[in-house]
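Those protein sequences? They're chains L and W, same order as listed. For reference, each letter of the first sequence is one residue, going 1 to 399 in my numbering. For reference, each letter of the second sequence is one residue, going 1001 to 1408 in my numbering.
Hints may be right or wrong, so weigh each one.
Partner residues aside, some chain W positions facing chain L, computed with beta carbon under 8 Å [to be verified]: (1) Thr1111; (2) Lys1125; (3) Gly1193; (4) Ser1206.
Keep in mind the hints are simulated off the structure, nothing from the lab. Since the model is a prediction, treat every value here as computed from it, not as a measurement. Virtual Cβ for every residue (Gly too), placed ideally from N, Cα, C.
If you want the building blocks of each chain, they are given just below.
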Amino acid sequence: MRLQHLLLRLPGYLGALGPPRRLWRSRSLNSISPVGSWRGQSSRSPAHWNQVVSEAEKIVGYPTSFMSLRCLLSDELSNIAMQVRKLVGTQHPLLTTARGLVHESRHNLQLRGLVVLLISKAAGPSRVNASQNYDTVSGIYSCQRSLAEITELIHTALLVHRGIVNLNELQSSDGPLKDMQFGNKIAILSGDFLLANACNGLALLQNTKVVELLASALMDLVQGVYHENSASAKENYITDDIGISTWKEQTFLSHGALLAKSCQAAMELAKHDAEVQDMAFQYGKHMAMSHKINSDLQPFIKEKTSDCATFHLNSAPVVLHQEFLGRDLWIKQIKEAQEKGRLDYAKLRETIKAGKGVTSAIDLCRYHGNKALEALESFPPSEARSALENIVFAVTRFS
Amino acid sequence: MASRWWRWRRGCSWRPAARNPGPGSRRHAGPPGPRAAPDPLAQMPCFSLVKSLTSAFPNVYTVSRFHHMTPAVCCCSKTQSGEKYTDPFKLGWRDLKGLYEDIRKELLISTTELKEMSEYYFDGKGKAFRPIIVVLMARACNIHHNNSRDMQASQRSIALIAEMIHTASLVHDDVIDDASSRRGKHTVNKIWGEKKAVLAGDLILSAASIALARIGNTTVISILTQVIEDLVRGEFLQLGSKENENERFAHYLEKTFKKTASLIANSCKAVSVLGCPDPMVHEIAYQYGKNVGIAFQLIDDVLDFTSCSDQMGKPTSADLKLGLATGPVLFACQQFPEMNAMIMRRFSLPGDVDRARQYVLQSDGVQQTTYLAQRYCHEAVREISKLRPSPERDALIQLSEIVLTRDK
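With the rest of the complex left out, here is chain W (with noise of 0.2 Å):
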């Protein structure tokens, strides 16, 4: 899948200072490597990109001709609903009021370093972006269906469990990578230890189960368990590596959706059950989760490079450090080979992680990667835009050019 992928970025000439021009002199337009099957479709690449990109997943979805081509920010958060303009996150939050504290209620038990650990992380200060994204297609989805504004509390539970269920991975995760900070505070198991961290997550997992037990719907549940699947086989596909070039940005892609998009994607869906019958729409709630979902990873992997540690609350360089080449070092590795060597060691040997780094920087891997999200932001807009016209689903859309331009 990925290699076609590969063979046009060869074949793009404005990617300035390629080692390996490729076969021929290229136009923007013009048609990918010698070596892909005959596709008179090809002739746009950009619509191969998305082709390949999207076959990648099983829920394939019919890919249109694609018009915007450029590379610059995408601007069609038209509002067509004729209401006010609203910042997206404000409008979620009418809804999400008490949020923390209701995730606080569901982890009451007894035990009080316990319940300290496991509330630790629902202060406030996260981003809340899950349960926003949540909240908001609730209402998009209940205005398609019926043009109710109301909504129910099965689908705010969802916006619940979703961020516990995050959480409750980042616990893990960072006990597995060994971090130390997060979120402008120490991480868990730095304060309280590995062992009790590890039972912390554990805990916020089980009281997210209850909750979604206690909503009572048998799909709804299965929705969201393939989740926590997900997000341990992407943790699996982070422990292992591809030496194969091409296979490696399929892995990376699949590994992204797995940890990051598969929440997104399917607590849109949840919602969406929950709120109309329709099968198209939980379809469309689905694409759009994830491929917000995939756009958010893409820039975060980005920000990982460009951001200075301050504004993140974590250290940068953090992937090159525990070994994971993101999209930008696999862009760069195209340019500069040499990275391959580094890559398969894991960036293992001293002075390798800065020497990635700066391969990095000197490459377009930041902007190829950018642009990647860009096409990701776009498919999610698409999809959303066939949703009946709403303040949510406007806010939906701007959501979407927010995970591109975010620095944090």
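The following block holds chain L by itself, in its conformation from the complex (with noise of 0.2 Å):
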């Protein structure tokens, strides 16, 4: 009840939200042939995933939606949230990720654990764990659970951390330095604090295979975010040369590595045999991948361009554009896009759309979804599997 209490008033200390990020969403889409056979939902709706969403979270118990926040409200450290507070008014990029988190979570998108425990019941108790005596609710071990928070704070972690702004890259609009260098305190901190949760949870684990496979997939998305800060903010807007192979294994590590090797853990932790643990490992990459590349597509498939997003010059649509392309074209495009040397993202946006990159990336996403699903079939048929075919479905959807 405490919990909920203090969720409830965060949002009113983190100030005024503006349209809040729904990466998740999947939007009025042009319609184009579904993969595998979708059961007739047809509502165009943010309310589509939402549905999807709380439908899964009917079957593995309980929402999902406070997992990560649950620590950083403690009380030993609710000091957290009263640090944050004191960015309010300042630019600092760990205030949005904070709203960004509170907001998602009211409305359960905190995917990561959630898929973590679809798995779980998916896969059920092994044939050696029939005979023990852990106690499951809802068909889900406790230590399965406890690695689903545990996955969750990972994310959030490096989240937080993915906020922190080079001091002397700073201009005067974004405010006075010493907020700057609060802010970026206060998300280490964080971070930290997060990531010590995450190792101690890990230890409580009892199982060394569990935490070398958490620790390697925090090494991988560690690069991962490297990676993703290296590619922003070239001079020119041109950023580097890399073809799509690259672009797969940077997304593995930023996106992929996480779900897929805590896909894997939670079948180590109830016992399962190799061949158990490497389906839910290839789920979890491909179910990544194909969330990344519907998140990357979204900037060219609304029809509004009212929102005139922009996007990121090493998204899956516009990697594909540039590897059609060749090196030399797509640069004298970027160059024919700016103007005065600002980049004018819509004129940008209808260059890609007219090439070949969108499409490619559709049937990306679309190749591992159906991977994703493939690997699901190695599962005995039941609600959690469903469960997890329809978020398969959801993001691969682009109708």
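With the hints as a guide, bring both chains together as one complex.
Structure (structure tokens):
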């Protein structure tokens, strides 16, 4: 109860919210032939995605929304929330991250934890464990629930650490230096605190293989975030020349590794054999990849251009577009889309949409979606497995 | 807890130029202040001191009578093993050859710049103080247990892991403190920027966790993950401050334990767990590490006042500039209550840092802190002396002296 109260008050602390980031929502899209056999839900609104998630949450027994925030709001460290509050009115990215966490969590969008729980349930107890007396709630072992929480903690920790600013790149529009320094300080400490909680949680699982898996997932994630940082904000908007295969490697690190290894670890906790662990890994990996591609595609598929969102020049459709075109032509297109040194994103978007980048990104998204579904086939049919399938359908849906 | 300590301090007559001499005159071995609870054992001031201090931490060890009361440097490093007197660093380094190369192997990733940043402090120029303690403790415990001088690979791993966890926390601390130099060179954040520096710290931590998992011992994993939590909580403690003078000292000691001593204590405990099944030995190792760790930090805080920048490799008065009131300052504040206001505003006004520094150097803050460090070293030596004699055990005894007498 106390946790609910705190969470209800948090948005007030964090100040007025702008339009929330809805990374996971699928919007009304042009109709393109769907992946697999979709069971007839034709709603086009965001409610559709939320429905998938809330169905899934019923299956695992409780809302997974508040996972990573739970430890941030414990009695001892309620001062983190207080410290973040001091950042209201500044431009430090931590504030945006915090708002995003709270806002998204109210709408059930902490997906990694949910997927780990679902796959735990879908796999069920292993033959080895069938006789053992582990406590299960809704068919999921408590250690697997812990693991789901740990996964969210690691994800959130790096989300927070992504929001550090380089002090020597600040401009006067960013506000006073000391605000940014303070924001950095709190961001580092909060992220470290989340990581420390994750490590403690891992230690409590008393399984060294799981610790190794998640620690290596963390290492992958750090490298992935590093690549993200390096790829953005270059001069003249020209990003590194990476082909789609490098993009896939880097995206696996930044988005796929955590979920894949976490799913595998969930299987290990239930003492499933290597084959089952591998299938869980594959599901996690491919689902995460298709989700990332879906998210990258949003700026190119929305019908409403009033959003006039910028997009990352190292996102999937752009990288594919460049690969088809060749580097020189791509650089030429970027230059043409620039006006007095500022990039006209709307113009560049049209240029990209006219090429093959968008359609091949959609194909790639579906490819990964299909691989995820394939991996699921080795699990026995169940509500949980259907929920996992529905998640794949939702992220590969572009209509 | 610390209130007893303060009242005893006020009672001591050998403290010069006291502003508030305290009720009545006191002999050196006199009882504590009038408000102290009646306690026959408190007749020995040093006893109550140690009792107050050691009761701050959960692992309370029954304190027996202290024999030494002099503030002089303790010299109880009598080698009992009959073997040749050796420098503890040399003895420890025999096992640590290739320490930094091995750490770099753990950081083997494909991303060049990130790798370079993570390896930056593993260049062989650090003191490697923690790994040395770890390997010496490992051998001392092994010998105690079954007279075997061999060290297990897993124990050596702990040495690497301890150094990696320590370095990861340094990298993050430097960003938090906006530090520009460490160990005589520029900090990671100054060269590559804050964003990448934070990621480098996370990378080192993840590598340490992988190495820890590979040892394959769940108890050891639990022991060392506690350190990671303590490090973060220690930083949080540093963010906050206490109004009450008495609470300040307890707060300072708790922060010192979490930020510095916890790593050493728990690494020692981890190697003892790997080497020996006896829980008493684990406790001895832990207590040694804890006491040496606290002493180490106290001396570090002293050196911030007494040393000069070149020797330290980092700028001095660093703590004051960060708004931190360490041991010497807290003691000095006893004599110069006008420091209270400065402490509470964390030395933020211009001129505060210099004034505070002057007060400290005029007071006996440095001597008091050094004396306190000696008490902790005494306790460490007392603990480690319970182990079977060996060159490594004696080296550990010697090491605690070196902690007191180092100048950087």
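We went through each hint and held it up to the structure:
Hint status for W:Thr1111 relative to chain L: holds, with the closest Cβ pair at about 5 Å, below 8 Å. A distance limit of 8 Å between C-beta atoms decides the matter here; for W:Lys1125 the minimum to chain L is near 25 Å, and the interface restraint is violated. Interface restraint check: W:Gly1193 against chain L, minimum CB-CB distance 4 Å, threshold 8 Å, status holds. Contact between W:Ser1206 and chain L, as hinted, is supported at the beta carbon level, the nearest pair being about 4 Å apart and thus within 8 Å.
Hint 2 from the list above is the single one not met by this structure.
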